[in-house]
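Student: Each protein sequence line maps, in turn, to chains A and B. Here the numbering used here is used: position 48 in the first sequence is 48, and no number is missing along the way. Here the numbering used here is used: position 14 in the second sequence is 14, and no number is missing along the way.
The set of hints was computed from the structure by calculation and includes no laboratory data. Heads up, a few of these hints could be off.
[Stated by the list, open to error] Distance ranges between label pairs, derived from CB positions:
#1 A:Glu248 to B:Lys93: 54 to 64 Å
#2 A:Ile43 to B:Arg116: 27 to 37 Å
#3 A:Phe227 to B:Thr34: 47 to 57 Å
#4 A:Ala159 to B:Gly32: 24 to 34 Å
#5 B:Pro18 to A:Gly83: 31 to 41 Å
#6 A:Gly59 to B:Lys3: 25 to 35 Å
#7 B:Gly69 to A:Glu117: 25 to 35 Å
#8 B:Glu123 to A:Ser80: 16 to 26 Å
#9 B:Asp86 to A:Asp284: 39 to 49 Å
[To be verified] Residues from chain B that keep clear of chain A, each with C-beta distances beyond 10 Å, as calculated:
#10 Lys5
#11 Arg28
#12 Val61
#13 Gly131
#14 Gly141
#15 Thr153
Cβ coordinates follow ideal geometry from the N, Cα and C atoms, glycine included.
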Amino acid sequence: MEIKLFRPHSLEEALSQRAQYGRDALPIAGGQSLLVMLRNKLIDPQVLLDLEPLGELRGLQAHDNGLSIGAMTTFFDLLSSSGVQNAAPILAQAGAKVGSTAIRNLGTIGGNLCHNEPGADLPPALLALNASVELRSSKGIRNVPLTEFFRGYFETALAADEILSRVEIPALPEGACGAYIKHSISPEDLAIAGVAVVVVLDGNNPVSARELRIGLGGVAPVPLRAFKAETALSGRALTDEAIRAAAEIAASEAEPMSDPHASADYRRKMVKVLVRRALAAAMDQGERNGHGKA
Amino acid sequence: MAKLKLLVNGESHAVEAPETALLLDALREGLGMTGTKRGCETSHCGACTVLIDGMAVHSCVVLAARCEGKEIATVEELAQDGELNDLQRLFLKHGALQCGYCTPGMLMAATALLRRNPKPTLEDIKVGLDGNLCRCTGYTGIFEAIQSCALGTK
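Chain B on its own, in the form it takes in the complex:
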């Protein structure tokens, strides 16, 4: 077992985990932060997407030990004081979810995209979310929510 210090959503956490623990397991099992979803566990579906130093990654294929000294951001970071952020509100407004299982990953992939590219084209959005699958509602509402967030809609 290894003792890791992880900086998650601006707070430092101590986690005890196997040496080759995955970031997904360290977050969910180690820290009880279950917003990040366990999906395919093979880097296809994107339900486990988090940000490391602002870059979207699939936490099911990241060693937790590699994340020491880096900034990890999960979906729990988005809402502040119980208030959804603009992107989350726009997901609701555009019906960008049905079962909701892919939503944390979609939100984090979109967050990474909008930080790097605040005015993405539809094509940019499709590429930015190419690692995230939705198996129920489809993608139109998701793309619309992100486009409308980029336009500054609240």
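Just chain A, with the same shape it has in the complex:
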């Protein structure tokens, strides 16, 4: 049966179609992953619900409390935005590493999160930025922290009648710095492992972390925060020894899978390496500008 394409004129109309068809109507954002899944017969929807006509879902606003990014904002938009460069540089770092130029021209932040493919670049960065997502249905709006949004392998908390409408990123603490580091065979591949850190350094010698957040991608069925490693290192002097110990803990928090790109064991080892490198990059940045931002 031929798949139908709905091109709603408003978010309200899209939500009512979503309510009517539930899982049989798949929202399509940039389409860069969904159309490949459709081609490979991994999904079998009756309807594609095209979010592209909904201009209200595209664009971003920087405000005192942080950044608010519409779900249909493309990677190209993110990378062209001075608001992202200023308020969340690690989001720009991660966005620049997604796929290829053509994919970044059309792929969207909302589609990237809802697809929830292991090894995606945005989730670890957005987790380290304490981001949350706004989920809308015809019944209302709920705001879900990203830590609760990713539920399983290609699964999210998005209900059958919901559409992800915005991504909210709170303002970073004063003096925060950060880095996103991706390890892949070829740059346009998904990450074998991707690690994002946000750290707030104090001015002591040796320097210590007043606050630390570590996001991991590609090393578990879902992207995750390495909370145990964060706790182990927060408030401690960031000596080589302490960082090594925390990187070991982060590796133990990963639940990697093997695939043709890398074994589970290799992925776990890469977490150790990348946590150290990401922290070193963030601390370098902190040293350089004193008030660097993640």
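Following the hints, complete the assembly by docking chain B onto the known chain A.
Tutor: Chain B alone, transformed into the frame defined by chain A:
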């Protein structure tokens, strides 16, 4: 089936295609414009690269219905009156192709890059073409052709 009006290389075309037809299929099957190549069909290889409103995209992952009201440019646009354009001539001069299957995509990705950034560095060129694979001749000739086009070589 849906009736679409597509503006391709400055000309308006009517196409009848399934509602969720891909731009690649609308161009090749619907309009018989076979310059745009069917490659991996999974957005990896870039053989199907075209421009939408000046931006390089892989037409195997674009819904044709989304392209109504937008300007589509394909490789057929480059040569005028049977004359290759500068970029195409420089591809020949630098041996930037062997089997030629990736060439239409390479040309369109390079066209998008040069319009946005007329003086790209080698690194800019590598990023601009990161969605386009060549499996026979390699990339050196392609990069040289684009660099020399940016320098104004005819």
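Student: Which of the numbered hints above does this structure break?
Tutor: 4, 12, 13
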